[in-house]
Amino acid sequence: MPKQISIFAENKPGKIEKIAGILGDNGINMRAITISDSGDYGIIKILVDKPVDGCNALKAAGVAATLKDIVAVRIDDSPGGLHKASSVLAKNDINVDDAYGFTIRGGNEAVFVFQVKDVIKTEKILVEAGFGVVGDQELYLL
Amino acid sequence: MFWNKDIETIGRKALEDLQLKKLSKALKDAASTPFYNKVFKDNKVNVDRITSLDHLKDLPLTSKADLRLSYPDGMVAVPRREIVRMHASSGTTGKSTVIFYTAKDIAEWADLIARSMVATGTTPDDVFQNMMGYGLFTGGLGLHYGAERLGCMVIPSSSGNSLKQIQLMQDFKTSVIHITPSYALHLAEVVAGQGVRPPDLGVKKAYLGAEPYSEETRNKLEEQWGLDAYNSYGLSEMNGPGVAFECEKKSGMHLWEDFYLFEIIDPDTCERLPDGEEGELVITHINREAMPIIRYRTRDLTRVIPEPCPCGRTHRRIERIKGRTDDMLIVGGVNVFPSQIESVLMKVPEVGNNYQIVLDRHENLDRLHVRVELYSKMFSGDMKELNRLKERLSEELRALITVNPRIELLEPGSLPPSTGKAVRVIDNRKI
Numbered sequence: 001m002p003k004q005i006s007i008f009a010e011n012k013p014g015k016i017e018k019i020a021g022i023l024g025d026n027g028i029n030m031r032a033i034t035i036s037d038s039g040d041y042g043i044i045k046i047l048v049d050k051p052v053d054g055c056n057a058l059k060a061a062g063v064a065a066t067l068k069d070i071v072a073v074r075i076d077d078s079p080g081g082l083h084k085a086s087s088v089l090a091k092n093d094i095n096v097d098d099a100y101g102f103t104i105r106g107g108n109e110a111v112f113v114f115q116v117k118d119v120i121k122t123e124k125i126l127v128e129a130g131f132g133v134v135g136d137q138e139l140y141l142l
Numbered sequence: 001m002f003w004n005k006d007i008e009t010i011g012r013k014a015l016e017d018l019q020l021k022k023l024s025k026a027l028k029d030a031a032s033t034p035f036y037n038k039v040f041k042d043n044k045v046n047v048d049r050i051t052s053l054d055h056l057k058d059l060p061l062t063s064k065a066d067l068r069l070s071y072p073d074g075m076v077a078v079p080r081r082e083i084v085r086m087h088a089s090s091g092t093t094g095k096s097t098v099i100f101y102t103a104k105d106i107a108e109w110a111d112l113i114a115r116s117m118v119a120t121g122t123t124p125d126d127v128f129q130n131m132m133g134y135g136l137f138t139g140g141l142g143l144h145y146g147a148e149r150l151g152c153m154v155i156p157s158s159s160g161n162s163l164k165q166i167q168l169m170q171d172f173k174t175s176v177i178h179i180t181p182s183y184a185l186h187l188a189e190v191v192a193g194q195g196v197r198p199p200d201l202g203v204k205k206a207y208l209g210a211e212p213y214s215e216e217t218r219n220k221l222e223e224q225w226g227l228d229a230y231n232s233y234g235l236s237e238m239n240g241p242g243v244a245f246e247c248e249k250k251s252g253m254h255l256w257e258d259f260y261l262f263e264i265i266d267p268d269t270c271e272r273l274p275d276g277e278e279g280e281l282v283i284t285h286i287n288r289e290a291m292p293i294i295r296y297r298t299r300d301l302t303r304v305i306p307e308p309c310p311c312g313r314t315h316r317r318i319e320r321i322k323g324r325t326d327d328m329l330i331v332g333g334v335n336v337f338p339s340q341i342e343s344v345l346m347k348v349p350e351v352g353n354n355y356q357i358v359l360d361r362h363e364n365l366d367r368l369h370v371r372v373e374l375y376s377k378m379f380s381g382d383m384k385e386l387n388r389l390k391e392r393l394s395e396e397l398r399a400l401i402t403v404n405p406r407i408e409l410l411e412p413g414s415l416p417p418s419t420g421k422a423v424r425v426i427d428n429r430k431i
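Each protein sequence line maps, in turn, to chains G and Z.
Number 30 in my numbering belongs to position 30 of the first sequence; there are no gaps in the numbering.
Number 408 in my numbering belongs to position 408 of the second sequence; there are no gaps in the numbering.
Chain Z extracted, bound-state conformation (with noise of 0.2 Å):
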């Protein structure tokens, strides 16, 4: 199914022809800013002579830190009259990043999201409950904005409120949902312990995205509720939702590049890298009038998938994001990324959907703590079969991260549930 066949299966010639038209926009526009106009100055770039999609890699990067440096609207390429919408990252350390929208940028965005969640299946007829958290986070309203465009029903429920949120996808019998990962998790399990079977509540599909999440996880979700699970990618800094957005073939997530130029660089050299490596995702927004930005390093890991997707979209498809470059831990030297333990942990019944991950230093040492709920249900009264499970962990763990971890069993419940991004892990380091 497609909402804009033309331009999702456009030809790569095509697209190029398009991508260059709205590059030279998107840097004229930019040019007029007083952040980018800086920049371009500083780094002598005549945006009149960018005629070609190679001399992208030859553009300044923009980070986060050039986003806060720009406060509040040192980025904004429109007069302040043509504005009707922004939205802020949380800032968590110093101050926000804030993003803005003209109508038209609204419009598109909502269209692009519409286009994404009918990649998916999803049609008018389908109750789209919306369960990520509405004000400046992008991802409640993108989303709202995408399934209204389409034609579903919506229901606005916004992140938390478990009980709440169970009866409205009883009373209204949801399809669809937007949801965290970490939320879903935990959601199944509230739901259960209502005595109710996750997949009774006859949701078909759920989008997942704010937060990295495993292909375990994945699957352990797509059991426990009974439903399709579909990967979303986006980031305020790009509109939000809707960047890049899994097909039916559940394969990697078409990067909608009528949207956005992405490139994948080594994060320590800035280097691009062939298709197929690893790097960080570098995306430039050719689509938004109000703000554009180039070449933006989002921090975000993944790979190309170079091969053509059976669905017969030509937007190239990126894999699952498998950390942030900032995510990385560093455990007694070795690199080890919170979803690679996740992956080890959804693969195991015995132990809850919630985990944290804890780090200390002991004697110079770095230790890992693991820390897991044991599962009710698998609960056998058993004092060796928990000392086994509790070997069983470290060892898978180790072979995957060859760090040694130290688990911690705990009791269902005992750690604080997600309702919308999860925190798993603590740093107790002190360096």
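The following block holds chain G by itself, in its conformation from the complex (with noise of 0.2 Å):
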């Protein structure tokens, strides 16, 4: 299943760029980054096309970061997209922790990126309700 990297930061200017920094120092590219904020401190999300690779150069320049298990499902670039695949969530009472997206280039379609707690249940909802969920490999080359 696909991962995130997720990294504790403080709210301070120049911690992107330190983050940014070190990934691109190790030739990892990203695909998408979110940041959720708390005040003095916050979390930064990444996608990126080599997690684990990633995570270690984070860890080894001495940033708290880990991998998270996400669910990443196709959707259609389109108005409602978002719409039918959240219906099925909603339905089956799964609760959306952290989400965000991002469109894939050249086509109509959008990535829906999301934490929930039951990461292979929740993929499993989405596959039977005809959703398209992208594997970890898949997403990393998108």
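You may find that some hints are simply not true.
What the hints assert, rightly or not - Pairs of lysine-lysine residues, derived as PhoX-like cross-links and limited to a Cα-Cα distance of at most 20 Å, are as follows: (1) Z/384 / G/117; (2) Z/390 / G/12; (3) G/3 / Z/377; (4) Z/38 / Z/64.
In short, the hints are calculated from the structure, not lab data.
From the two separate chains plus the hints, produce the assembled complex.
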């Protein structure tokens, strides 16, 4: 299942610069980035092409980073696209903890990425409802 | 295991006879110094009339300020040519305080430290890495001489230079270390950062001293390093380390009563407190010919443990130092000791070993900030967990110190590391 890198960061100037620098120096390419903020600190979440390498590079530089399982589902890049996927989740009483999305270059598709308690169950429900769940290798190569 | 069983298990009566004999000599020596000559005259003290240990409480107290006042040699009781060493405490405020020793004083101090180390089970087979600063500070040279006297192989590595310390430990199979608790916490992180589990270094014992710390810190260090940590107490005014030391039982420090007379006083009224009550430790050095010091106010807070120790030593024990009369923080009218805050932080595995206490004043209200680093390995990537951790820290601290602290979670490595005596408290309040 796909993974994102989650990074603990103080809410201070220069934090993204530092992390992006470490990833860049290690030849890691980013697909998407989002930050959830809680005042003094926040969690930076990054989808990269090589999550294990990226996470290890950050840890070696003393950064508090960890890999987190996520669900990535393909949706139509058109009005109502996310509504279809999220109604499946709502119907099955699945709570989305944290989410972001991005569109795929050159296509009319988008990817909705989110954290849930039970990744495997959520993936199964989405597949059964006819959605394309993106596997890890596929996601990193998008 | 004993170094000198006769003296370590001496009966109370014989000890008191010995103490009185040594006290009489120390008082006579003191009276010959310019400082005590004047103090005794001003206070109408006739040293010949001190014929019982009970009379001690009627003698004037000596303070750190008195030592500064008598700088450089107003308390010296022997001719200059008999002095072989001096040490000095860091004079962060004003003049430093200087302590002098004759060859006999140095030899007997080393003997006392050998006694302390043997009480923890150390033998000549041990390799002793001394990570305290060498130089004017007594911590380095004090244990160095004691460990040599005992017959250990001594690695005089001094403080700092963590990678070198680790290499020495690996190459020479260090079994006993002498280190400040804050540096031991930091070094454990450096060792782990090298991909080495600290217990794999094979260190069996640590002597922790030179700064107050909590029982929880000891537990954390013992677990992280996989060793037994022993509490060591000393101050340069009383020679340096080796004044009181834990035995293998690790429950309070035996204060060596054939070298020192000690009392616990109320720091405000200066009255003696009954055994078992917490107060300021006052010590009279009765075993230093170069520089006797009478009733010295250590400013360290502790209490006597009146019960006998199962190890068989008769020298009474004191509890770990809770703090200093002058490191107590008053936050919004409430007394808070940094050691109380530390005791909470060290129980929480999600935060690292380093911390800082910052005080400031906002709209005339004191605010206490506790800055801790998140421990990388415990980071799960979950914001809710971080917020819960913050709340938990805040609640546990409030329950103990009754002040509502503001917790700041920091990235690992963002606080300045300690390589010696740590600076934990920053008071930005403008009074």
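Query raised in the report: So which of the earlier hints does this model not fit?
Result: No numbers; nothing is violated.
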